[in-house]
Amino acid sequence: MEPIIELDGVRKVFDVRGRAGRGLRRERREVRAVDGISFTVPRGEVVGCIGPNGAGKSTTIKMLTGILNPSAGRIRICGLDPTRERTRLARRIGVVFGQRTTLWWDLPLRDSYELVRRMYRVEPARYAANLDTCVELLELGPLLDVPVRQLSLGQRMRGDIAAALLHDPEVLYLDEPTIGLDVISKSKVRDFLRAVNAERATTVLLTTHDLTDIETLCRRVVVIDHGRLMYDGGLAGLHAAGESERTLVVDFARELPPVGLDGARFLRAEGPRQWLAFPADASAAPLLTALAAHHPLVDLSIREPAIEDVIARMYARSRDAGAWHDPAAAPVSWPTASGGGATGLTQQT
Amino acid sequence: MAEPRADAFPADTSRARASGADGRPALVEGLRTYRLIVGMWVRSTMAYRASFLLTTLGNFAATGFDFLTIVLMFSRVTALGGFTLPEVAFLYGTSSTAFGVADLLVGSADRLGRRVRDGTLDTLLLRPAPVLAQVAADRFALRRLGRILQGSLVLGWALARVDVRWTPVNIALVPLMLLSGSALFGAVYVLGAAFQFRTNDASELQNSVTYGGNTMLQYPPGIFGRELVRSVTFVVPLAFVNWLPALHVLGRPDPLGLPAWVDFCSPPVAAACCLLAGLAWRAGLRSYRSTGS
Chain A
6 MEPIIELDGV RKVFDVRGRA GRGLRRERRE VRAVDGISFT VPRGEVVGCI
56 GPNGAGKSTT IKMLTGILNP SAGRIRICGL DPTRERTRLA RRIGVVFGQR
106 TTLWWDLPLR DSYELVRRMY RVEPARYAAN LDTCVELLEL GPLLDVPVRQ
156 LSLGQRMRGD IAAALLHDPE VLYLDEPTIG LDVISKSKVR DFLRAVNAER
206 ATTVLLTTHD LTDIETLCRR VVVIDHGRLM YDGGLAGLHA AGESERTLVV
256 DFARELPPVG LDGARFLRAE GPRQWLAFPA DASAAPLLTA LAAHHPLVDL
306 SIREPAIEDV IARMYARSRD AGAWHDPAAA PVSWPTASGG GATGLTQQT
Chain B
6 MAEPRADAFP ADTSRARASG ADGRPALVEG LRTYRLIVGM WVRSTMAYRA
56 SFLLTTLGNF AATGFDFLTI VLMFSRVTAL GGFTLPEVAF LYGTSSTAFG
106 VADLLVGSAD RLGRRVRDGT LDTLLLRPAP VLAQVAADRF ALRRLGRILQ
156 GSLVLGWALA RVDVRWTPVN IALVPLMLLS GSALFGAVYV LGAAFQFRTN
206 DASELQNSVT YGGNTMLQYP PGIFGRELVR SVTFVVPLAF VNWLPALHVL
256 GRPDPLGLPA WVDFCSPPVA AACCLLAGLA WRAGLRSYRS TGS
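These protein sequences, in sequence, are chains A and B.
Heads up: take any position in the first sequence, counting from 1, add 5, and you land on the numbering used here.
Heads up: take any position in the second sequence, counting from 1, add 5, and you land on the numbering used here.
Treat the hints as calculated values from the structure; they're not laboratory data.
Here the structure is a predicted model, which is why all the values come from computation and not from measurement.
The reader is advised that the hints may include incorrect statements.
Far from chain B, some chain A residues (derived; all Cβ distances over 10 Å) [what the hints assert, rightly or not]:
id, residue
1, Asp20
2, Thr70
3, Arg93
4, Thr106
5, Asp111
6, Glu119
7, Ala133
8, Glu175
9, Asp187
10, Glu275
11, Pro277
12, Ser288
13, Ala295
14, Glu309
Ranges between beta-carbon positions, derived for each pair [unchecked claim]:
id, chain 1, residue 1, chain 2, residue 2, range
15, A, Trp110, B, Leu59, 18 to 24 Å
16, A, Val18, B, Met51, 45 to 51 Å
17, B, Ser292, A, Ala311, 40 to 46 Å
18, B, Leu59, A, Pro152, 16 to 22 Å
19, B, Met78, A, Val18, 57 to 63 Å
20, B, Gly124, A, Val18, 19 to 25 Å
21, B, Gly124, A, Arg79, 22 to 28 Å
22, A, Arg34, B, Met78, 51 to 57 Å
23, A, Gly14, B, Gly124, 25 to 31 Å
24, A, Pro284, B, Ala288, 53 to 59 Å
Note that beta-carbon positions come from the ideal geometry of N, C-alpha and C, so glycine has one too.
This is chain A alone, in the form it adopts within the complex (with noise of 0.2 Å):
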């Protein structure tokens, strides 16, 4: 089947104007915003985009609708091209900003979603059954007649994910669609979108800092920084690739020097308990057998690495050294990235 969302070697580079000295000579500099990405994604699917900030999602996602003309590279979505076609492709896509509305901020939600309807000629019967439906899911129907600017962020948020999808897009972008909103808010919108997605087969393509966007949501991640696509798969390959360590909590009988362990690794000790650290594909059964044979246990307990460090790892690691793509190389790097990984491997719960 024809992939809905087609990106291949997109890059974008602005040039970044600014006085060079005390001169009046002015000096030019490019910066590579996105430098050369390539991904496709198939009708109905739900891809999660992630990287730092600046890492050029945005960007990307401002080249996915038309806002921005790539500098080169092909993009095509739903089979048209964004740059010459950008009122026809509004029809098929729908677009939510977390950081900014698109509804009419001094407008009654009502008035903006009539003026969607006529704007996008939706048909009554289907725009009548859509904005039922998200009234329905997203709990609008005290809200309909409260003008924008006074609604809170997370009821704003939820109007506007209603507003994108009234002409029943076949793609639906989300830059950020929870930031800021509270743990509530934040459940109300993912189910919203998972059910979206399930009945509709939606395509979506959003980004996002919240990894728990991306776990309930996503089966595939797409992490981006400097510009480049720097890993794009499960969410479980996630670990592998960020080269991710479970961590082994033991509880001695008394204090012991630090255990030397064939397979894991020494973090840290605080009386009779040590914290070992060791691959997240390995077992830990080995590791356990080896400890019980040599020292007394009292109690021990497995924590698996959480995505947020998984993903803070790569992010130091391709600071350092550029991409990863191949886990082998990985060691090169690996003094630098521990250290953080580690600290964060302990600290969570």
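The hints should help you fit chain B onto chain A, whose structure is shown.
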């Protein structure tokens, strides 16, 4: 992938923009969008009728002070630059009305710079409609009718009092002046907006041309320096809003001594300015989509 820079296709981009979504012409689509958005703002304004009446009255009074100044001046002098009060009122009425119409219809376009800065322009690019129509219709302020009302009242008074032989040509020149004048001021607004894609300071410059130009055109050209009159004839052709055709109606000599047919050139000059503004807008939007700033 050795793909050429997408920016290297100005011809293709313009073709895509010339016909809007689903093959409808961009102009038709733009007018439809404009009508939809304006309609919504008018309904929203009318929901608070008292507030609308008060703000319109305020607009009426604020713009009326300009004319009050002129009336006060005439309590001391009998002529201004050789013009009597009804003649100055004729200039005032034509310029104010034309400016008021442009201000009402496309005045919101001067918020473009702010939209670029706060990023809300992006949301307009997401909609299946021409951006210029959305920008011009944004926050359509019906209270600006106050200026039009005030200008046309003064114009009505001037037409009744001014000493003019109402030949068919002179009669035809009045509505033609108002139409061309509105189009000229509108073109300045759009041109100003187009430059705001590039620099934020453009809105100050544009205000000096629109508001400043309007104030200048309310007075006889004779009281200004020849260089200024020349520049608003040949550089920013605001003299075609009312000065040149009004001089013909009033039977006054033109301070620049231009041939008589120039007095009838307002419509083609206005059309040329609109075209220029449209091209500048298109170039501005294209540059925004390339640079994102």
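Evaluated hints:
1. For Asp20 (chain A), the shortest C-beta to C-beta distance to chain B comes to about 7 Å, within the 10 Å cut-off, and the non-interface label is violated.
2. For Thr70 (chain A), the non-interface assignment is contradicted: its Cβ lies about 6 Å from the closest Cβ of chain B, within the 10 Å cut-off.
3. At roughly 5 Å, the least C-beta separation between Arg93 (chain A) and chain B is not larger than 10 Å, which violates its mark as non-interface.
4. A Cβ of chain B approaches the Cβ of Thr106 (chain A) within 10 Å, the least distance being about 8 Å, so the stated non-interface status is violated.
5. With a minimum CB-CB distance of about 7 Å to chain B, Asp111 (chain A) fails to clear the 10 Å threshold, and the non-interface call is violated.
6. Taking the minimum C-beta to C-beta distance to chain B, about 8 Å, the non-interface status of Glu119 (chain A) is violated against the 10 Å cut.
7. Residue placement check: Ala133 (chain A) keeps its beta carbon more than 10 Å from all beta carbons of chain B (closest about 19 Å).
8. For Glu175 (chain A), the shortest C-beta to C-beta distance to chain B comes to about 14 Å, beyond the 10 Å cut-off, and the non-interface label holds.
9. Consistency note on Asp187 (chain A): stated as away from chain B, and its beta-carbon is indeed over 10 Å from all of that chain's, at 24 Å minimum.
10. Distance check for Glu275 (chain A) against chain B: the nearest CB is about 49 Å away, which clears 10 Å, and the non-interface claim stands.
11. Under the 10 Å C-beta cut-off, the non-interface status given to Pro277 (chain A) relative to chain B holds; the minimum distance is some 56 Å.
12. Residue-level check passed: Ser288 (chain A) sits 43 Å from the nearest beta carbon of chain B, beyond 10 Å.
13. Against the 10 Å criterion, Ala295 (chain A) stays outside the reach of chain B, whose nearest CB is about 52 Å from its own CB.
14. With a cut of 10 Å on Cβ distances, Glu309 (chain A) stays outside the contact zone with chain B, its closest approach being about 39 Å.
15. Separation of Trp110 (chain A) from Leu59 (chain B) is about 22 Å and conforms to the stated range, judged on CB atoms against 18 to 24 Å.
16. At roughly 49 Å, the beta carbons of Val18 (chain A) and Met51 (chain B) sit within the given window of 45 to 51 Å.
17. Hint check: Ser292 (chain B) to Ala311 (chain A), Cβ distance near 44 Å, so the stated range 40 to 46 Å holds.
18. Checked against the hint of 16 to 22 Å, the C-beta distance between Leu59 (chain B) and Pro152 (chain A) comes to roughly 20 Å, which is consistent with it.
19. Checked against the given bound of 57 to 63 Å, the beta carbons of Met78 (chain B) and Val18 (chain A), roughly 58 Å apart, stay inside it.
20. Checking the proposed 19 to 25 Å range against Gly124 (chain B) and Val18 (chain A) shows it holds: the Cβ atoms sit about 20 Å from each other.
21. For Gly124 (chain B) paired with Arg79 (chain A), a C-beta distance near 26 Å keeps the hint of 22 to 28 Å intact.
22. Between Arg34 (chain A) and Met78 (chain B) the Cβ separation comes to about 56 Å, which falls inside the hinted range of 51 to 57 Å.
23. Look at Gly14 (chain A) against Gly124 (chain B): about 27 Å separates their beta carbons, and that is inside 25 to 31 Å.
24. A hinted range of 53 to 59 Å for the beta carbons of Pro284 (chain A) and Ala288 (chain B) is consistent with their spacing of about 57 Å.
Violated hints, in rising order: 1, 2, 3, 4, 5 and 6; the structure is consistent with all others.
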